[in-house]
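Asker: This is what each chain is made of:
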Amino acid sequence: MAKAMSKPALERQGLSDDQLRWMLRNMYLQRMLDNRGFQLNRQGKIPFATGSEGHEGIHAGTALAFARGKDILVPYYRDMGLCVGIGMPVLQVLLSMFARGKDVSGGRQFPNHYSYHSLGILSISSIIAAHCPHAVGAAYAMKLRAGGIGGPSRPDVVKTGRAVLCTFGDGSTSQGEWHESLNFAAIHKLPIVFLCENNEWAISTPRDRQMAIADIIDKAPGYGLPGVKVDGSDPIATYAVMKDALDRAREGGGPTLVEATCYRFLSHTTDDDDRTYRTRDEIESHRHLDPVPRFEALLIEHGVVSSEEASKMKKDVLAEVNAVTDEAEALPYPAPEELYAHVYEGPYEPWL
Amino acid sequence: MALASPASTVLNNVEAVRTTLYEALKTDERTLILGEDVGARGNVFLITKGFIEEFGPERILDTPLAEASIVGIAIGMAMEGLRPIAEIQFADFIYPAFNQIVGEAAKTRYRSNGDYTCPLVIRTPYGGGVRGALSHSVSIEALFYHVPGLKIVVPSFPADVKGLLNAAIDDPDPVLFLEHKKTYRLVKGEVPNGHYTIPIGKAEVKHSGDQLTVVSYGLYVHQAIDAAKRLAGDNLSIEVIDLRSIRPMDGTTILESVRKTRKLLIIHEDNKFGGIGAEISAMVAEEAFFDLDAPIRRLCGPDVPAMGYAATLEEEFMISTDRMADAMREMVRF
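Protein chains in written order, with our numbering: chain Y, 1 to 352; chain E, 1 to 334.
Fair warning: there could be bad hints in the mix.
Said to hold, decoys possible - Residues on chain Y that point at chain E, a partial pick, calculated with CB under 8 Å:
#, residue
1, Phe48
2, His117
3, Leu122
4, His134
5, Met142
6, Glu180
7, Val321
8, Pro347
9, Leu352
It is worth saying that the hints were derived from the structure and are not from the lab.
From the three backbone atoms N, C-alpha and C, an ideal C-beta is built for every residue, glycine too.
Input sequences plus hints: build the corresponding full structure.
Answerer: Here it is as structure tokens:
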């Protein structure tokens, strides 16, 4: 969809030039951090990396719609750009890749599994959709605190002024806990937005082997919540849809399922080889959806940035990524005895 | 004060759970109960009867029939500062929630480097002898006690139920709280009034003796005590330890007793292979092998998928007090 590009005036959805430039910078940053992960893996410096190439538009747009210091994010492992976008230090991305002791998980978690309580980023595992009920529970707590859950004989509209954002991929929508989560959130009209980042592939399984329907939002009406589909390669359109959905949740309007479409340009992870299940032609046929050059061209076309400014921005971002790579690499692994910390509160022995 | 209020009240195990939950709801507004039929029905054993009228449907939350998300939603609530008490209607129904308990709740603190915690209680009735057939009678403790990050409590006396449930609710980590459903109304006892806790991980000698140590938990503790009392008439001196907690486990009390009696019999309803008794046997063999005067023995449920519905099948599965007494007698005479 090149709708926005074909219009004479930029459909900026109320976003200032600074915000648009911030989005572009965030997208460059995501792309370079992704590349860095794959490079470090191929250099043998880190055992594993996961990329989000193709998701940058969703992350940049969504990050701007997220209310820092208020909303809660329950992400999945392809949301590095979103976590950075809502304020997680870039250094944490590299610390996570290098599994250093100062990583937020203390070097325990796989890359891209962040938890950052002070930013409202909940801790997640790699189990697909297992985090969805956690997001729902957090939204329940949020609503309960803000004045009650409501119900047949109670005020139904409870304005929380904040919301939970729960993200996941298309494959997650096959899991029972995903369905249970939408159902529960709709029953209690919880302040939550479910954001599906539909990149067409669940490792090697294409969408048509995952579900018989073409649109994931068609799953929403069965649970009694609205579904909105958006071109996730377009950060401005994504921002507008996400802001509407989050505002609706904050105002007591209940949950929304948003499907943001995109295309996964990289293999699932550095351990995956996508040549075993999809052709190079297929990938190239989606190249026009690549959100980074597309958004860059749009902003240059409308004079929000010049080509020179864009080039400088890219150079600055690369310098930043290089600097944090060096900083993270120089830091030590966790001490071996950290293996025994945080099993429970306080010291722990199974036999007392 | 004109009149001193009584120090304790006689309660059965249902009443002990109920009164403890009630007091927690009354004193801490972060607590809430969620599960199937906990509201208007008041739980299938009537443990929460009347709670919804007093505390409202927001804190006495009837959930959809979906165990994975009962636990998963409770985890999210706990991570956001509430003190959820989740109920799985029967322990047999806990399997859909296995990942949420093992993969999520038990690892939240660890994987976040202590940034997030998961103070959560999961209560569930377990155990047989009630004609519960394949899906209303199983023991589940062995499936979970392998898991670091989780605590498991299994009290069977009303005073222990209250003290340990209070401890579980106060605990900063996830606790699986197992209630043997046959003891619910069968067992009565004095329960101290007011708030108190019993530390998780502490066993208790419920019947003293010096010729044999019996370690058990749940319904069988009561039968083991009956058997020990019966054998006392024959001048056999049996010590019965109620484990009360399965993770962490009280090795100190077990070893102290075994070093005194020099013989160990473990009795549990769950099947023997890979059960709680296996871990206790291994620990005693490692720590007190040269103090033993007889091989360790385990008297456990048979190695079958579950007890059948037919009375004959259930009786065959369950261990009678007579069989316990016979095993105790044999061990003392060894």
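Asker: Now tell me if each hint is right for this structure.
Answerer: Results for each hint:
1. Phe48: Violated - the Cβ of Y/Phe48 stays beyond 8 Å from chain E, reaching only about 16 Å at its closest.
2. His117: The hint holds - Y/His117 has a Cβ within 8 Å of chain E, the shortest such distance being about 5 Å.
3. Leu122: holds (6 Å)
4. His134: Cβ of Y/His134 sits 4 Å from chain E, so the hint holds.
5. Met142: At 7 Å from the nearest chain E Cβ, Y/Met142 passes the 8 Å test, so the hint holds.
6. Glu180: With Cβ-Cβ at 4 Å, under 8 Å, it holds.
7. Val321: Hint violated; Y/Val321 Cβ to chain E Cβ min 24 Å, cut 8 Å.
8. Pro347: Where the cut-off is 8 Å and the nearest Cβ of chain E is about 11 Å from Y/Pro347, the hint is violated.
9. Leu352: The hint holds - Y/Leu352 has a Cβ within 8 Å of chain E, the shortest such distance being about 4 Å.
Against the hints set out earlier in the document, violations occur for numbers 1, 7, 8.
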